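Novice: What follows is the residue order along each chain.
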Amino acid sequence: MEQLQKILEEIRPDVDFASEDRLIDNGVLDSIDIIAIVTAVNNAYDVEINVQYLLPEHFNSVEAIYRLICKLQDE
Amino acid sequence: MNNFKKIVILFLLLFAFEQILGFVLEPITYQHYLELELKQKNVEDMQPDMVFIGNSRVITSFIPSVFSERLEEVDCAFNAGTGSQGIEGAYWYLKDILKQYDLKYVVLGLDYQNFMQEERVLKRDLVVLERIKSVPVKAGFILDVFEPSEYIYFLKSYQYRDEIWECGENIRKKLSKEYRQGIYEDGKTVYENLGFAREREVFGNRVGVYISRSWTEEEVDRERLTYLDRIIELCREEGVTLYAVSTPLTISTVCETPGYEECNQFFRQYLEERGIPYDNLNLMEDRGVLLPDETMSSMEHVGGDGADIVSNYYCDILQSRMNGEAGNIRFYDSVAGMKEHLPDLAYCDFHTEKLDEAGNRMLMAKAFHGEGVEVEYQFEKEAGGVTEVLQSYSVEETCGLPVEKMSFPMTLRVRCRVLGAETEKTFALDIEGAWE
Amino acid sequence: MSLISFPFFVFVLVLMAAYYLMPCKWQWVVIPVFNLLFYMSYGAVAVCFLAVTMFLTYAMGILLNRTDDHFGALRKACADKEQKKKYKADCVKTKKRIMLVGLFVDFVLWFLFKFTGLFSFSPLGISIYTFIAAGYCIDVYRGKYRAEKNLFKYASFLSFFPHIVQGPFSRYDALKDTLFAGRRCSFERLEQGIIRIVWGCFKKLVIADRMKAAIDMILPRDSGYGGVYVFLLFVILPIQLYADFSGYMDIVAGICHMLGIRLQENFKQPFFARSIDEFWRRWHITLGAWFRDYLFYPVSMSRVVQKISARCKDKLSPVLVRMIPSYIALFFVWSATGLWHGKSWNFLLWGWINLLCIVSGMQFKPFYERIKGRLHITEENKCWRLFQMARTFLIFGFAEMVSDIPSIYGIWTKCRSLVCEHNWYLAARPLQLFPGLEIRDLVILGIGILLMLILDILKEKNVDIYGLAGRIPVFFRYLGYVSLFYAVILLGYSGKNAAGGFMYEQF
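Sequence order for the protein chains is A, B and C. Residue 5 in numbering that gives the first Met the number 0 is what sits at position 6 of the first sequence, and the numbering runs on without skipping anything. Residue 124 in numbering that gives the first Met the number 0 is what sits at position 125 of the second sequence, and the numbering runs on without skipping anything. Residue 79 in numbering that gives the first Met the number 0 is what sits at position 80 of the third sequence, and the numbering runs on without skipping anything.
Only chain A is shown next, with the shape it has when bound in the complex:
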């Protein structure tokens, strides 16, 4: 999870990922950020995040993203 946090902070150093839990709902991340995160996560964790996972529940917080990664790795 720390690795994930590091990736996120590299993409958006101005965001406090530790405490923010409405990254999508509050419009903190824009579409470019999301794709950058998706690409970085795909490359780092060797998963394939599909368009249909592009929902607030999967991207609103670091925990949510981590849960998604785990889910995809299980499949």
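No lab work stands behind these hints: they were computed from the structure. Check each hint, because a few of them may be wrong.
[As the list claims (entries may be wrong)] According to the in silico footprint, chain A covers these stretches of chain C (three or more CB under 8 Å from chain A):
| # | region |
| --- | --- |
| 1 | 294 to 302 |
| 2 | 309 to 317 |
| 3 | 321 to 330 |
[What the hints assert, rightly or not] Here are the simulated EDC-like pairs of lysine to aspartate or glutamate, each with C-alpha atoms no more than 16 Å apart in a straight line:
| # | chain 1 | residue 1 | chain 2 | residue 2 |
| --- | --- | --- | --- | --- |
| 4 | C | K312 | A | D45 |
| 5 | C | K80 | A | D73 |
| 6 | C | K83 | A | E74 |
| 7 | C | K306 | A | E47 |
| 8 | C | K364 | A | D32 |
| 9 | B | K122 | B | E162 |
| 10 | C | K85 | A | E74 |
| 11 | C | K87 | A | E74 |
| 12 | C | K306 | A | D45 |
A quick note: this is a predicted structure, and the numbers were derived from the prediction, not measured. Think of the CB as a built atom: it goes at the ideal place given N, C-alpha and C, for glycine as much as any other residue.
Model the placement of chains B and C on the given structure of chain A, informed by the hints.
Specialist: For chains B and C alone, kept in the frame of chain A given last:
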């Protein structure tokens, strides 16, 4: 505040704005003065019993007071002509007038152009709409003649929106004492009384040959013609005597417009079949002497004293008709008949034409004359008070005008002389700036 | 029928009467009837094409749901994990096929009308409803919501007359609640809706049409207007387009407000944007959102594009590697956006100008940050903010000019004259600067644009305009409204160059 009160406030505001803007924007028209006078007549207990209906030619040709004074059967006539009035507007306006007044006589000015196929001119009908007082007649007129996309023009604020930039002057005029008392301000066309307006300026020797739109029977818009029938029918129903008349155009227009004679015959026949007396004042006896072109104000309007001449002449005609004396009606039978009696030099086609690319021009003159008559022409030019003869008297109808001799502004003249007679006339052309 | 016309005025009156005379439960039925009337006023033949797209995408939605339900039931009944997985995969495969067929036919029709010269006419709003229908299909495919079972309700949504001509690109889930629910008439809503319509008419007739007179004289290649006039174009083109387009949006939004239907906003004070990227989240918002959700995300997250990025993992910097999918997707988005506006290559060029600005902004962000640091500029700095807004504004104006000139030589001529023609002294003579307009027109424009600016500033500060107006005493409020109405009547531009229709109407 409850909703009903809000709606009331809204409509009051809309109404107030519309009224104020209407006052500010709407230019002064004859209607204001006419209504003041009619109201005055009402106060004096004088009900109108004769009305003149038609377009601006009617406005400037018929002086109501002449008819009121001279015709035995008529006490009070008024002139209800409106600018460019179409035959559709004439019908509906007449319908309204007949509702308001107990008339005995209606004189309809017949302008043959009113029956040609042409594009709709919205403004002419809006002017008539403004004059109609009765609500059912107004509604009938709107439904009959106007398209839904034109309804917005019923808002004065929209109709006259382009006048917004001259509204200062308009407001000043409307607030003046003269306006409220019904005194018309000076201008080229001066309102005189009961709907009649006089054209002050006349051609003088600046008259040219004016040709109106040519006429053929095929071009007659049959639908528009039905309005004439409706007018005839309306008068019959109301027990009103209808007279039809065509007001004078310039002699040159009558002689030179293709199809004028056919047009004249067409309407004579059409109205004769329907039992309506029709007089064409263009063909009045001694036309060339009574109402020469120099005394006209435009191709289609009499000027100066012309209205008095026309009104008195027509008054005599009407009196004869009312007395049942058809034999006293003095007109020529046809254009050819009129031409036979026209004095030489009644009109002259005087104009310039481009000669070549260098800018040189040619003066051309052709005066009307009888058979076997020869006319001599002398061409002159005046500029800065100095007159120069370009070509002395000769039968040559053309004269060159080289570029070197051109200076602006200048006046070009042709003096016409009938060979072997005393008859002489001058026709002039004012050239302000470059040629068109 | 054109939106600013007597027949349309009657149309809206009758619609309001019919809507509010109906019992609440059946109010929604009124809408598709009037949608049809509206559409047919533009030509009865085109209705057939709309109907084809409508039936097709309606059926697609139902089919997609049935596939989901079918395989869902199978998975539920099954105990074997592997079999469950297989069912899931089959479900996705089947759904994908259905969706692709639907989208293919949907877009082929659009392509046939817009890009081939086969037909002499174009069904009204085909560029709008094609995309709305496609978005609906994709949303149902993704399981965002269930398909609409009622054909009339779906028809009502797709052919909704406020959005069918120029947008916005409505989303089914955003529109359906207010579209199908009934409600009682509200005086407040009527009042607010009407004034919004009047304001839209003001923007269009008084401001946009007036400016168009000057633009039409300067824009043509052989107009002889260059140098400072070209720069003037960069300034007045955005304002004219904004007044025209947002004016239309205000009219349709006002109508919807009167009905109590919530239509998505398409503009959010666009000239306050500090970058082209932000601009497109404030201008024609629903178009950008459509391309983001249905082109940008799918392309950037597609296996192919992600693989490209993965292959570059060790060859390029990590920053660039994770931007590659975005850049590739953006290329497709801006090419498509350009072509959506027009089929000639100068629209493509327009799209690429936007693309260049956005991509370079992202790519060189660290570089810009360093320079800003050296110059001690912070984001809060007012001058810096103004500079950013002006820069964005002018870039947009330049791009618009490119899209308005159909020849490369024309664009080149205009741009070259910027440098070569020495008529910048005219900037001090405003009257000569606006051919076709007189001083009174400039005054009217000045006041009108100032009003637009004030309103936008208020909205940017999140002031509730309706609320603010509501607090003004009724008499003065209505005095203002009636004044605005008469300003439209008196000052609506009808000079010889007056535009007849709205600019996005051809879509």
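Novice: Now, for every hint given, state plainly whether the structure supports it.
Specialist: A quick look at each hint next to the structure:
1. 294 to 302: holds (count 6)
2. 309 to 317: Contact hint for the region 309 to 317 of chain C vs chain A: holds, 3 residues under 8 Å.
3. 321 to 330: holds (count 6)
4. C:K312 <-> A:D45: Given that 16 Å is the threshold and the Cα spacing comes to 12 Å, the pair holds.
5. C:K80 <-> A:D73: 13 Å, holds
6. C:K83 <-> A:E74: 12 Å, holds
7. C:K306 <-> A:E47: Given pair K306 (chain C), E47 (chain A) holds - Cα atoms ~10 Å apart, limit 16 Å.
8. C:K364 <-> A:D32: 14 Å, holds
9. B:K122 <-> B:E162: 14 Å, holds
10. C:K85 <-> A:E74: The given pair, whose Cα atoms are some 12 Å apart, holds under the 16 Å limit.
11. C:K87 <-> A:E74: 12 Å, holds
12. C:K306 <-> A:D45: 11 Å, holds
Comparing the model with each numbered hint stated earlier shows that all of them hold.
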